[in-house]
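Protein chains in written order, with the working numbering: chain R, 1 to 429; chain U, 430 to 914.
There could be a bad hint or two in this list.
What the hints assert, rightly or not - Which residues of chain U face chain R? A partial, calculated answer using Cβ under 10 Å:
| no. | residue |
| --- | --- |
| 1 | 448 |
| 2 | 457 |
| 3 | 498 |
| 4 | 503 |
| 5 | 660 |
Stated by the list, open to error - FRET-style restraints, in silico, Cβ to Cβ:
| no. | chain 1 | residue 1 | chain 2 | residue 2 | range |
| --- | --- | --- | --- | --- | --- |
| 6 | U | 468 | R | 225 | 30 to 38 Å |
| 7 | R | 97 | U | 510 | 52 to 60 Å |
| 8 | R | 101 | U | 450 | 32 to 40 Å |
| 9 | U | 615 | R | 254 | 53 to 61 Å |
| 10 | R | 265 | U | 450 | 21 to 29 Å |
| 11 | R | 56 | U | 549 | 16 to 24 Å |
| 12 | R | 268 | U | 739 | 54 to 62 Å |
| 13 | U | 534 | R | 346 | 54 to 62 Å |
| 14 | R | 265 | U | 468 | 28 to 36 Å |
| 15 | R | 225 | U | 450 | 29 to 37 Å |
| 16 | R | 137 | U | 450 | 36 to 44 Å |
Stated by the list, open to error - Covered by chain U, according to a simulated footprint, are these stretches of chain R (three or more residues, beta-carbon under 8 Å):
| no. | region |
| --- | --- |
| 17 | 69 to 78 |
| 18 | 95 to 103 |
| 19 | 108 to 115 |
| 20 | 238 to 250 |
| 21 | 330 to 342 |
| 22 | 383 to 390 |
Since the hints were made in silico from the structure, they are not lab data.
C-beta atoms are modelled at their ideal positions from N, C-alpha and C, and glycine is treated no differently.
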Amino acid sequence: MTKKLETGLIIGSAGLVAGGTAIVADTRGAPDAGEIAVITAVFLASFLVLLAAVRLWAPAGTRVLLPPVSLLTGLGIVMVTRLDKDLGLLQSWWLLVGSAIAGLVLFLLRRRGVEVLRRFRYLFLVGAIGLLALPLLPAGAPLRGVTINGSRLWVRLDLGSSTLSFQPGEAAKLLVVAFLASYLAERRRTLIEMRRSLGSVRIPEPRQLLPILLAAGIAFAVLVYQRDLGASLLLFAVFVTMLFAATDQASYLLAGGILVGGGAVLAHRLFDHVQTRISAWLHPFDDPAGTGFQMVQSLFALGNGGLTGTGLGSGRPDLIPAAATDFVYAAVGEELGLAGSLAVLTGFALLVGSGFRISLRAGNTFRTLLAAGLTMTLAVQTILILSGVVRLFPITGIALPFLSYGGSALLANLVLVVVLIRISHEERS
Amino acid sequence: MKHSIRRSAAGLLLLFGVVAIATTYQQAVAGADYRNDPRNPRIVFDVLLDRRGTITTADGQVVARSVVREDGSHERTYPWGERYAHIVGYASALFGETGVESARSDDLRGPEPTSIEALLDRLFRGGAGPRDLELSVVHTIQAAAASALGEQTGAVVALDPTTGAVLAYLSQPAFDPNTLLDLTSAPAGERLTGDPAQPLVDRAARRVYPPGSTFKIITATAAVEAAIAYPDTLLLDPIALPLPGSTATITNFGGGVCGDGDTVSLEWAMAISCNTAFASLGMEVGADRLIEAAETAGFNREVPFELPSVASMIPARLDDLAVVAQTAIGGRDVRASPLLMAVLGGALINDGVMMEPHVVASVIDPDGDVAERVAPRTWRTAMSTDTASILAGLLEGVVDNGTGYRAAVEGLRVGGKTGTAEVPDGPPHTWFVGFAIAPGGDTVAVAVLVESGGDRGGEGTGGSVAAPVAREVFEAWLEWVEATP
């Protein structure tokens, strides 16, 4: 892909934002022309910042990642604007902040590349655990945890008269991947050598199982203390897949599966909120006005969209609880139809495919694992929430990367993408 | 390591494929079920909050429109309440759609904004969106029918016999559609459903009544078509007609004979609604020809109409002559709807041709152009042109010299047949079925049914109760014809 094409596609996405919000304005009566201009300008500025940062500090990096990211983010801003005009404006500002920070990350990596991250791996681990624990801060402090929709995964910071809310878990997932990539790059040998075997399957020593048990413990703690099924599953799935990738030992996948199964049974026994999620998934129409409400509304929205959708602003995705965050995919499905939802899926598949390609071309173990881990994070998160929305899997309550409203998730995913671009730059230069 | 990464990538991309299949299933396969699931609030909100087209009468009265509320949603209102309830119906979040609101739902709602149809509309038809409807119903005639009927239970149908365009369509008692629209209207709906007066029933098209003497139109038609009788043909005129195979007799209304006690002409027998003469004529015509004449005139099939209708009925077999005699004067098991009788009355002055009745005259695009003008459509031929003109003459005699004199209007040629249908328990149902011809050649057909003798109760007859209602409809129609260039 030429530079010209990359730039052109990003400008095309800005056109999509302008056109999409204009259609929304036509059908919904809001936003007004000024707001459309602001949203589009901020969107374009954000991606030009990203583009400039990439040109400066990762000029040889892949050019196939930013266009789909701009398309998905643009579509997200249009959908969020359609659901709540003010959130749409806010999201575009979050995008600018996220782009600036992602640019800053590229700047910091400009000399020594991603290798520099290996030095800070224990700092990352401590940081990730600290971030995950942040929402447990008691109420009343200037920096405090808050419970939203029954999950305690938010932190609120009082800044004089206003407050700033963020989800530290989103940043934590990047730190966890960075730590794991670095840790596994060094220790994979010791984890590979398995002397015992059961039939043809080789089984690890108890000592070798320690890390995976630790990860399972952390994931379970997240589930227990923060009631966050999505983050818990995401962390654990990424950990197990990275372990498998690093060691080539399928037995880790097996062990991971057993732990997830056992954890699921245990969680189902112990926690009401897990039970509710499971029954809302298996039998949404048993209680369509109660526990099944969100699932049922999601299905109604998808069904109402049909093949080509109701058109932007002409459906009723506002009837789905959390339409702008967890269920933005159902909103896309309703108003843009199967055509729109499959386009979104294709966008993600493109990102995931490119991410793995970067990983496979990486020159050393750390960069390979880092790129693979980041890509897996993106893929697993996307699959988790999407399979919830289409009722393949219980609803896990996690943001759809780039599309869902939410500054922390957008920021984390933009950083994820620029790190991938940086890795590909390092292989080519 | 890279081998495992490749396998992980393949696994995750496979999962994307699974999500794609699941999405396709939910949107394309199960989608229609979700879309039409009664629990899907979209159905409710579509009806409740979307703008629908305006419905007006032929003379410009708004009978249904959507009012914009502050939040941008819409509220349907029916400015005339009960008056047009059985034509326009309602679009309710709770009870769905009825009447024209249902029959023309697609036009009133407009095409889905993203459909191909909407795209074509935008390109070629001046914009997509709800379309307005203009009814053929004339507000002043509808008002005259309502005031003439007063509080009486019954139905009035007036239409243009040459086009089938309905000019007035009333069923009483009615209901106020404004009370049935939103989600709080369940109690109002239950009250109406449980009301013994049955205000929700459209008596014009959805109910059939014994036609009484108005059925003599069919008997006479059968006789003329079979060349058995003409207006001056003399029929038997006994004081009581014995029914073959039984001790029962048929007598005339109020007793007595119709002519000189010996014979009576068909013309006079029609004018004064002579039961004995028509019963004997019916026996002469015979069961087969009587049934055939009725079925040719639309009995035993639904009238093709925008609103739901039921079929008028005549038994497929009339077992013996006694039954034929009673059927010939509209007794026994014959049943007719006011709508069919109006169409039949119109056929007499339309060369025997029955037009399909319709209430919507035209559909208007969002930019004001006429998108569709409902074309007149022939339903069936009830009788030959000659028979029709003979029957029309007979019915003019009824109004000029006979039981229908209260329907006469100065300046109009009026014809019609009265009917007083005895029912087992309670006062008789009273009928008037006829037509009027203006000096300029314009025509109208009318059927009036007043249940249970109306305000006159047991004293009520077609001539005294139904004919005056028809007269007021004719007068309002004449005024409208004269005012319309």
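Hints versus structure:
no., hint, in the structure
1, 448, "holds (5 Å)"
2, 457, "holds (6 Å)"
3, 498, "violated (13 Å)"
4, 503, "violated (13 Å)"
5, 660, "violated (65 Å)"
6, 468(U) x 225(R): 30 to 38 Å, "holds (36 Å)"
7, 97(R) x 510(U): 52 to 60 Å, "holds (58 Å)"
8, 101(R) x 450(U): 32 to 40 Å, "holds (37 Å)"
9, 615(U) x 254(R): 53 to 61 Å, "holds (57 Å)"
10, 265(R) x 450(U): 21 to 29 Å, "holds (28 Å)"
11, 56(R) x 549(U): 16 to 24 Å, "violated (50 Å)"
12, 268(R) x 739(U): 54 to 62 Å, "holds (57 Å)"
13, 534(U) x 346(R): 54 to 62 Å, "violated (37 Å)"
14, 265(R) x 468(U): 28 to 36 Å, "holds (32 Å)"
15, 225(R) x 450(U): 29 to 37 Å, "holds (36 Å)"
16, 137(R) x 450(U): 36 to 44 Å, "holds (43 Å)"
17, 69 to 78, "violated (count 0)"
18, 95 to 103, "violated (count 0)"
19, 108 to 115, "violated (count 0)"
20, 238 to 250, "holds (count 6)"
21, 330 to 342, "holds (count 5)"
22, 383 to 390, "holds (count 4)"
Consistency note: the structure conflicts with the earlier hints numbered 3, 4, 5, 11, 13, 17, 18, 19.
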